[in-house]
Amino acid sequence: MASTSTSTATAEPSRPSSPLANPRGIPKAIFLENVESFIGGPDGDAEESLQSLQQVLAKYRYMESNSLQRRQGLEEKVPELERTIAMVETLQRKKTANESFDTTFELSDTLYATGEVEEVDEVYVWLGANTMLSYPLSSAYTLLSTKLAAAQTSLSNVKQDLSWLRDQITVTEVNVARVYNWDVKRRRERREQE
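Per UniProt numbering, the very first residue in the sequence shown carries number 1; after that it's consecutive.
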């Protein structure tokens, strides 16, 4: 009985439309109203139930760890995209006004060089995976704006997932404590009866 009950509380992500999962399929932890029935009756194996709940908890913590890494990456990516978009906007303004301007280029973490930027028609956008492409200013702006919107949406989703996961971890930890306490109480009662 314990293994069937825990599968509803955990295991595989449900369909996003399910009320037992968040929109990205992270399953909802079910609060154990009746510990005895979850374990399988008064003579059920609490150890097996505790192990299954610990596995569920480990899965949630793994998802939380991955989500924290994704959030960190996105929190670095969003400001970088915003700075890049601001630079493309500056280049567009200067091109429209037929102006050149001086700027400081970062060559490495502690080394900078000053240079004059004349009218430009295109920029090189780093796409990752050792790939850089040349784009006209307007296309670069559109591409970067799209990437920024996607990154902001992903960041919002990750933050929602982390909040959801914290709640599910808490519920699962409470379930572990309730099963453990129920088993301690049962053992104490059995000792008193002997």
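Derived by calculation from the structure, the hints in this document are not laboratory data.
Just so you know, even glycine gets a beta-carbon here, dropped at the ideal spot from N, CA and C.
Be careful, since some hints might not be right.
DEER-style ranges, computed between Cβ atoms [stated by the list, open to error]:
1) E33 x W126: 28 to 36 angstroms
2) M87 x E173: 27 to 35 angstroms
3) V117 x Q160: 34 to 42 angstroms
4) G128 x N66: 48 to 56 angstroms
5) N34 x N66: 29 to 37 angstroms
6) E122 x E80: 16 to 24 angstroms
7) N34 x R190: 43 to 51 angstroms
8) L127 x R93: 20 to 28 angstroms
9) R93 x Y124: 18 to 26 angstroms
10) W126 x T153: 20 to 28 angstroms
11) E173 x T110: 20 to 28 angstroms
12) R24 x E118: 40 to 48 angstroms
13) D121 x R61: 26 to 34 angstroms
Here are the simulated lysine to any residue pairs, SDA-like style, with alpha carbons at most 20 angstroms apart [what the hints assert, rightly or not]:
14) K77 x E89
15) K28 x L148
16) K94 x K77
Satisfaction of the hinted span 20 to 28 angstroms by the C-beta atoms belonging to L127 and R93: With Cβ atoms ~25 angstroms apart, the hint holds.
Between K28 and L148, does the CA-CA distance stay at or below 20 angstroms? violated, 30 angstroms
Is it true that E122 and E80 lie within 16 to 24 angstroms of each other by Cβ? Because 20 angstroms falls inside the window, the suggested range holds.
Within a Cα-Cα threshold of 20 angstroms, do K94 and K77 meet the stated pairing? violated, 26 angstroms
Is it true that E33 and W126 lie within 28 to 36 angstroms of each other by Cβ? 54 angstroms Cβ-Cβ, so the 28 to 36 angstroms window is violated.
Take a look at whether the Cβ-Cβ distance between D121 and R61 falls inside 26 to 34 angstroms. violated, 51 angstroms
Does the hinted range 20 to 28 angstroms hold for E173 and T110 at CB? At roughly 46 angstroms between Cβ atoms, T110 and E173 fall outside 20 to 28 angstroms, so the hint is violated.
Does the hinted range 34 to 42 angstroms hold for V117 and Q160 at CB? holds, 41 angstroms
Tell me if the beta carbons of G128 and N66 are separated by a distance inside 48 to 56 angstroms. For N66 against G128, whose Cβ atoms are near 20 angstroms apart, the range 48 to 56 angstroms is violated.
A range of 29 to 37 angstroms was offered for this pair. Does it hold for the Cβ distance of N34 and N66? holds, 33 angstroms
Is it true that R93 and Y124 lie within 18 to 26 angstroms of each other by Cβ? The hinted range 18 to 26 angstroms holds for R93 and Y124, with Cβ atoms some 19 angstroms apart.
For the pair M87 and E173, does the Cβ-Cβ distance stay inside 27 to 35 angstroms? violated, 47 angstroms
In summary, the structure is inconsistent with hints 1, 2, 4, 7, 11, 13, 15, 16 from the numbered list given earlier, while agreeing with the others.
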